[in-house]
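S.K.: Spelled out from the first residue to the last, the chains are:
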Amino acid sequence: MTKSLPVLIELQDLCKSYMNDDVVTPVLYDINLQIAKGEFVAIMGPSGSGKSTLMHILGFLDGYTSGRYLFQGQFTNTFDDNELARIRATRVSFVFQAFNLLARTTVLENVMLPLLYHPSIPVSERVSLSEKAVKTVGLQDRSSYLTSQLSGGQKQRVAIARALVTNPDVIFADEPTGNLDSASGVAVMQALQKLNDEGHTIILVTHERTTAEHAKRIIHIRDGRIVSDSTDFKRVIAGETKNLK
Amino acid sequence: MRLSDISHAAFKGVTVNAMRSLLTMLGIIIGVGSVVLMSSVGESMEGVILGQISSLGPKSMVIFPGKQEGGAQGVMAGFDSLTFEDLRELEQLKSIDKLAPVIFITGRTSYGREEGTPQVFGVDDNFFKNQNISAREGRLLEKDDSDGGKAIAVLGSDTADKFFGSINPIGKRIKVGNNHYTVVGVAKALGSQFFQNADERVYVPFSVARTVTGQKYLNYITMVATDSFDLAFDDVRSLLRRRHGIDTSLNDEKKDDFVVRSSAQANEILGSVSLGLTLFITTIAAISLLVGGIGIMNIMLVSVTERTQEIGLRKALGAKGRDVLLQFLFEAILLTMIGGVIGQILGIGLAFVIALIVKNFLAKYVFAISLNAVVVSFFMAVATGIAFGISPARKAAALHPIEALRYE
Chain A
1 MTKSLPVLIE LQDLCKSYMN DDVVTPVLYD INLQIAKGEF VAIMGPSGSG
51 KSTLMHILGF LDGYTSGRYL FQGQFTNTFD DNELARIRAT RVSFVFQAFN
101 LLARTTVLEN VMLPLLYHPS IPVSERVSLS EKAVKTVGLQ DRSSYLTSQL
151 SGGQKQRVAI ARALVTNPDV IFADEPTGNL DSASGVAVMQ ALQKLNDEGH
201 TIILVTHERT TAEHAKRIIH IRDGRIVSDS TDFKRVIAGE TKNLK
Chain B
1 MRLSDISHAA FKGVTVNAMR SLLTMLGIII GVGSVVLMSS VGESMEGVIL
51 GQISSLGPKS MVIFPGKQEG GAQGVMAGFD SLTFEDLREL EQLKSIDKLA
101 PVIFITGRTS YGREEGTPQV FGVDDNFFKN QNISAREGRL LEKDDSDGGK
151 AIAVLGSDTA DKFFGSINPI GKRIKVGNNH YTVVGVAKAL GSQFFQNADE
201 RVYVPFSVAR TVTGQKYLNY ITMVATDSFD LAFDDVRSLL RRRHGIDTSL
251 NDEKKDDFVV RSSAQANEIL GSVSLGLTLF ITTIAAISLL VGGIGIMNIM
301 LVSVTERTQE IGLRKALGAK GRDVLLQFLF EAILLTMIGG VIGQILGIGL
351 AFVIALIVKN FLAKYVFAIS LNAVVVSFFM AVATGIAFGI SPARKAAALH
401 PIEALRYE
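Listed in order, the protein sequences are those of chains A and B.
For reference, each letter of the first sequence is one residue, going 1 to 245 in this note's numbering.
For reference, each letter of the second sequence is one residue, going 1 to 408 in this note's numbering.
Since the hints were derived computationally from the structure, they do not count as laboratory data.
Computed from a predicted structure; not experimentally measured.
Incorrect hints may have been included.
Result set (DSS-like, lysine-lysine): computed pairs, CA atoms no more than 27 Å apart in a straight line [stated by the list, open to error]:
(1) B:216 <-> B:188
(2) B:129 <-> B:94
(3) B:162 <-> B:364
(4) B:12 <-> A:135
(5) A:132 <-> B:12
(6) B:188 <-> B:129
What the simulated footprint calls covered on chain A by chain B, stretch by stretch (three residues with Cβ under 8 Å from a Cβ of chain B suffice, anywhere in the stretch; the number is not a length) [to be verified]:
(7) 56 to 70
(8) 90 to 97
(9) 117 to 128
Just so it is clear, CB atoms sit at the ideal spot from N, CA and C, and this is done for glycine as well.
Let the sequences and hints guide you as you build the complete structure.
M.R.: Below, the structure is given as structure tokens:
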């Protein structure tokens with residue numbers, strides 16, 4: 001963990017359970033975690049381990065059952081729906097496995113989408129900011145293309161451009177290479193790495209080792225509990241292999 | 001989210017699947033279109049009917065023989081009920097003026113080889129005054145003509161054109177039945193009155209018609225109230241009831257053997273017809289918009305389900321529930337607005353085509369648009385969009401971002 005940088009995210013004994021027809025299903029147990037500004041963290045774990053749920057809670061897409069979540073030192077348990085929406089519009093952004101781009105809409109319009117919900121970015125800056133984001137992911141010559149005309153890798157780069165257009169404090173990437181071939185996956189991870197080098201905080205959820213290799217810190221989660229949290233990649237992989245056995 | 005962004009997103013949502021949007025609007029298009037069309041036709045017909053009525057002055061009235069009800073049988077039951085004695089007594093009433101009795105002469109009318117069957121009226125000078133008829137050529141019948149029993153005639157403009165064409169008819173002799181009449185004038189075109197062509201007539205002096213037909217009763221009488229129309233109306237009715245021995249205790253018009261007609265009465269009838277038409281159109285509009293609204297709600301619910309992931313994405317990107325609600329509500333409103341405008345254009349266009357066709361049969365039929373119907377139907381369509389769009393929009397707004405994103 002990079003102790004010198006200010007803490008962006010802090011979880012204290014955070015638990016999450018789902019309730020279906022009076023049946024309580026615990027998903028996360030006593031998660032304690034700190035993530036500093038500028039980190040590139042990979043949350044790894046097998047399917048059903050609770051890593052995506054953790055990311056959704058961190059990204060204010062889902063709530064938690066107990067514990068505390070402090071974002072930039074501020075308790076988040078009192079936030080109402082509108083405040084949560086405001087944080088999603090201004091402070092965090094997402095890159096999804098399935099790209100989640102609007103169909104029959106151009107690359108530039110897709111990248112511009114989060115700006116519609118941003119409360120303080122003026123309308124006059126929307127196009128220039130979107131063009132800048134598109135350029136950052138190297139798709140400036142595809143700005144006017146419809147998303148259906150792009151390859152999978154290009155679509156994910158559009159999603160990355162969309163995620164950084166509001167200049168958020170943290171970008172969450174949920175299995176960003178899951179639907180891509182290996183070459184496109186590498187290109188997408190390099191794009192995320194570049195953003196991290198420029199100072200963006202990246203939190204990545206993946207179950208692929210090759211994808212996690214791009215991160216500087218790896219948190220391994222299993223059955224709803226953090227089983228390892230390390231910047232030593234080799235140790236984490238070794239631990240993961242041991243756990244899988 | 002700004003209102004302009006919401007409306008832009010809604011516009012995109014509607015246009016991205018244009019064919020489906022068009023089919024969704026169909027109910028609204030038909031509803032608004034039929035309202036605009038029927039109101040336009042109603043307005044045009046009202047113009048025609050008012051034109052027929054306005055040929056009578058506001059204080060004019062006409063007495064026909066026969067019963068109020070019973071159609072032709074009713075008329076025939078008392079076709080001889082208006083007598084010359086009635087006329088003489090009516091002349092004594094101070095509340096009426098310009099009494100003009102009419103006797104019809106039957107028989108073919110001819111000039112040389114030209115033959116026809118115009119209506120032949122035996123009238124005096126008052127008739128022309130009461131009906132606001134003026135001369136196009138020559139002169140109309142005057143008081144002396146009736147007193148003197150001259151065999152002269154004034155032609156309606158269509159009769160003159162038919163028999164004489166470009167020849168000047170003044171001084172020419174026409175034949176009605178077995179009698180000859182010298183044409184002294186042609187009346188100006190009147191158009192139609194009570195749906196009869198008032199220009200296809202021949203007017204001869206009343207006294208001549210009485211002699212020729214030997215008729216002891218009158219076909220009808222026109223007159224004008226000197227002051228109060230209501231007073232004149234009551235006086236005429238009381239006099240005729242007394243003379244004809246009709247029981248007046250119940251003031252039952254069905255017992256009368258005469259019918260008094262006036263432009264005021266016709267206006268009243270027209271008013272009730274208009275009200276009926278308005279109710280009819282409103283019912284059609286309500287049913288059509290209800291059906292259209294249900295169609296819109298159905299498609300909007302399908303759209304919300306289809307676009308669940310998009311809703312989840314928008315929420316993940318910072319959209320508030322209100323933003324999503326307004327976007328889907330605007331889509332429903334936009335559908336009804338566009339449907340309303342298309343319906344109006346089609347309704348107006350069809351009304352115009354109908355006017356072009358009907359004009360061939362009813363010269364006075366003029367294309368008219370009911371501005372009220374256009375404005376009201378448009379706002380009703382928009383209200384339908386709000387009423388039926390709110391439920392799908394609320395459903396969209398209430399979606400949980402994660403559940404929506406995971407929806408397949």
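S.K.: None of the hints should be skipped; say for each whether it holds.
M.R.: Hints, one by one, checked against the model:
1. B:216 <-> B:188: violated (31 Å)
2. B:129 <-> B:94: holds (18 Å)
3. B:162 <-> B:364: holds (21 Å)
4. B:12 <-> A:135: Holds: residue 12 of chain B and residue 135 of chain A sit about 25 Å apart, inside 27 Å.
5. A:132 <-> B:12: holds (24 Å)
6. B:188 <-> B:129: This hinted pair holds, its Cα atoms lying about 13 Å apart.
7. 56 to 70: holds (count 4)
8. 90 to 97: Contact hint for the region 90 to 97 of chain A vs chain B: holds, 4 residues under 8 Å.
9. 117 to 128: holds (count 3)
Checked against the numbered hints given earlier, this structure breaks only hint 1.
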